[in-house]
Amino acid sequence: MKSSLARPVVVAVVGGALIAGSALAGSPAYASPGSPADATPPAASVESASTLDTTDPGAGADSGTGTDAGTTTDPGTGTIDPGPADPGTTDPGTTDPGTTDPGTTDPGTTDPGTTDPGTTDPGTVDPDTTVPTGSFRLNYTSVWTGQQIKVDQNANEYNDSGDDKATLKRVVSWGDGTSTALSPSTFSATKSYSRAGSFKVTVIVTDPTGNVSAIPARTVAVTVPAGKASLNRKSVYQGGQFKINVSKVPAGATKYRIDWSDGWGSAHKSTTKSLTGRVLYQYKWDAAKKKYVQVGTGKLSGVRAIKISWGNAKGYGAWQTIGNLNVVKDGWKPSLTIKKPSSPSRASSWRTITGTVADKGAGVAGVRGTAIRITSTGKSYCLTSARKWKRYYNDAQLIKYCYGQGAKATLKNGKWTFKVPAGVGKNQVFGVEMWAWDYADNLRSTYRVARITRS
Numbered sequence: 510m511k512s513s514l515a516r517p518v519v520v521a522v523v524g525g526a527l528i529a530g531s532a533l534a535g536s537p538a539y540a541s542p543g544s545p546a547d548a549t550p551p552a553a554s555v556e557s558a559s560t561l562d563t564t565d566p567g568a569g570a571d572s573g574t575g576t577d578a579g580t581t582t583d584p585g586t587g588t589i590d591p592g593p594a595d596p597g598t599t600d601p602g603t604t605d606p607g608t609t610d611p612g613t614t615d616p617g618t619t620d621p622g623t624t625d626p627g628t629t630d631p632g633t634v635d636p637d638t639t640v641p642t643g644s645f646r647l648n649y650t651s652v653w654t655g656q657q658i659k660v661d662q663n664a665n666e667y668n669d670s671g672d673d674k675a676t677l678k679r680v681v682s683w684g685d686g687t688s689t690a691l692s693p694s695t696f697s698a699t700k701s702y703s704r705a706g707s708f709k710v711t712v713i714v715t716d717p718t719g720n721v722s723a724i725p726a727r728t729v730a731v732t733v734p735a736g737k738a739s740l741n742r743k744s745v746y747q748g749g750q751f752k753i754n755v756s757k758v759p760a761g762a763t764k765y766r767i768d769w770s771d772g773w774g775s776a777h778k779s780t781t782k783s784l785t786g787r788v789l790y791q792y793k794w795d796a797a798k799k800k801y802v803q804v805g806t807g808k809l810s811g812v813r814a815i816k817i818s819w820g821n822a823k824g825y826g827a828w829q830t831i832g833n834l835n836v837v838k839d840g841w842k843p844s845l846t847i848k849k850p851s852s853p854s855r856a857s858s859w860r861t862i863t864g865t866v867a868d869k870g871a872g873v874a875g876v877r878g879t880a881i882r883i884t885s886t887g888k889s890y891c892l893t894s895a896r897k898w899k900r901y902y903n904d905a906q907l908i909k910y911c912y913g914q915g916a917k918a919t920l921k922n923g924k925w926t927f928k929v930p931a932g933v934g935k936n937q938v939f940g941v942e943m944w945a946w947d948y949a950d951n952l953r954s955t956y957r958v959a960r961i962t963r964s
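Those letters in the sequence shown? Residues 510 to 964, per my numbering, in order.
Check each hint, because a few of them may be wrong.
Here are the simulated DSS-like pairs of lysine-lysine, each with C-alpha atoms no more than 25 Å apart in a straight line [as the list claims (entries may be wrong)]:
(1) K782 x K757
(2) K848 x K782
(3) K778 x K808
(4) K921 x K909
(5) K737 x K659
(6) K793 x K816
(7) K848 x K743
(8) K782 x K737
Don't read these hints as lab results, they were simulated from the structure.
Produce the entire structure from the sequences given, and follow the hints as far as they go.
Okay, structure coming up:
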């Protein structure tokens, strides 16, 4: 949209005569997101059987045999009859009923393989049924499509008495089937809706056991701003001018912005009802330079969608298409002439230079030029954009001083006028070069040379 032109043409002066041929010319820049229960019980003890050794008072002790008074000797056999067991003794091969067999469990003790009903099994834990609690903040409950809403939830706004906060999972549910997960260190999330409707927004907090919070949702109403804008033309040549007319501003809108389809964007107050634009080159925003810069030299063409976005204190809404613009290629250069004065050898004849300009395509954007004079002593001067004569010594200076922008010509109804200040005189070689460019950045230049013999 904002084209910059630089088209060199050289006017060389040789042997006191100004000869056009390979001079360089440049045009101006044009602005256009372990229990005791498990312990082994002590082993049961066995009480030893006690034997009472007595001597029969009716019999003498036989020191040779040591026969127990409680036994008798059969006189016929010489064998000893053991007789009945002393009821006061216990057979060591049997278990005293008053003792406990170490191979059985005393009813008064606990079997290490079972659980004492009076104790708790360490393998059983009461289930976690505590639900996380919390709240959240929402900046807006009514927005336009495209505008952002924001959910905030600080660390002190959610809790679970049985779990560490770092183990809790938090997810923002936007009510339209989409969601945003929040990490332990994230406390906010934003959302823009692409369609109108009523959406329930909440933050779902889940603990490691799977208990889910029941934080009440809040409803967000989303609408489409009802504004109206139109294009005055459906088709233009590359760089050709067209207009955007705003006929209706949505209620509550205080501003709007335009997407010109070429990377360039502009912002305006809602009170601005008409805008003029052009589409020619691709642009992008340069954050370092804080301005739009041209991308390449290719010219844009074809159907381009021109869009508008309405705004208020909540920001800008979604883009809406104003209309489609067909950009037609323009390969025509402007036509440009310099009118020859009636007396070209007279200095006065070059004080005001005139000519014609026309363009078949996008239209003439401007006409500029410069003049050169060489004195009889060989001094060379050129006309700056401020219309001052500047002495130069080489072509680099000539281009720097006078061809960078050139002096502006007055243009009206296909005719142009170029004023030359005093300084052109007798016995000088004078030359003028003019250039014209159209809105498609096509350029044409032309020149005239004269030897001045009279004032």
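Do the hints match the structure? See the list:
no.	hint	in the structure
1	K782 x K757	holds, 9 Å
2	K848 x K782	violated, 42 Å
3	K778 x K808	violated, 30 Å
4	K921 x K909	violated, 29 Å
5	K737 x K659	violated, 29 Å
6	K793 x K816	holds, 17 Å
7	K848 x K743	violated, 38 Å
8	K782 x K737	holds, 11 Å
Consistency with the previously given hints fails for numbers 2, 3, 4, 5 and 7, ordered from lowest to highest.
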